[in-house]
Amino acid sequence: SQQGEEDPQALSIQEGENATMNCSYKTSINNLQWYRQNSGRGLVHLILIRSNEREKHSGRLRVTLDTSKKSSSLLITASRAADTASYFCATAMDSNYQLIWGAGTKLIIKP
Amino acid sequence: EPEVTQTPSHQVTQMGQEVILRCVPISNHLYFYWYRQILGQKVEFLVSFYNNEISEKSEIFDDQFSVERPDGSNFTLKIRSTKLEDSAMYFCASSVWRQGDEQYFGPGTRLTVT
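Just so you know, the protein sequences line up as chains A and B, in that order.
Here the numbering used here is used: the first sequence runs in plain steps of one and ends on residue 111.
Here the numbering used here is used: the second sequence runs in plain steps of one and ends on residue 114.
You can trust all of the hints, since none of them are fake.
Covered stretches of chain A (chain B as the covering partner; in silico rule of three or more C-beta atoms under 8 Å from a C-beta of chain B):
hint : segment
1    : 24-37
2    : 43-57
3    : 100-110
No lab work stands behind these hints, which were simulated from the structure alone.
Glycine is no exception: its CB is placed at the ideal position from the N, C-alpha and C atoms.
Sequences and hints are given; from them, build the entire structure.
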């Protein structure tokens with residue numbers, strides 16, 4: 001898989017449930033970031049986790065990073081209809097800090 | 001809250017024409033970027049710009065592309081001779097310090113090449 005691959009590609013859940021998305025990467029990273037994109041709009045930064053961190057929280061978001069497995073997960077708790085969007089992980093490489101993007105997970109929250 | 005702005009929101013051009021996409025990054029940010037996203041596909045890095053010069057560019061960013069900061073606020077992407085495959089959303093972004101920091105994105109310009 002390419003650097004920053006998310007899975008699943010699409011996820012549909014009921015409002016109120018938790019949503020978990022995963023991201024895998026290949027090379028050594030400085031940090032990993034999650035972004036949200038509403039349909040046809042720009043990307044919004046959600047959270048950044050550095051390579052020496054294992055877990056980070058922001059409101060209803062929880063991100064974990066496992067550098068040994070080169071993977072990260074984004075958990076959205078108590079989902080709302082407004083969380084419907086595509087979620088992308090982006091890895092900042094250790095060598096040049098360039099952000100490499102995954103293909104995204106399309107999340108649909110059913111009311 | 002400060003935000004990145006982009007103009008126009010939608011640009012339609014004929015193949016072979018030159019286009020200039022405009023961006024105003026957040027004023028105290030030092031790094032600026034252009035990305036593109038072909039419909040339904042992943043975000044692709046084009047170029048990063050710091051201290052009035054290109055700091056990184058991808059293989060997509062060939063001689064047909066150029067960037068400029070013509071004054072203290074605008075940051076532009078020029079495509080000299082557009083091709084059909086240049087049709088995409090183009091996003092400008094900026095970050096406070098280095099490339100690996102969180103980036104703030106503009107709403108994008110949808111470029112349609114006919």
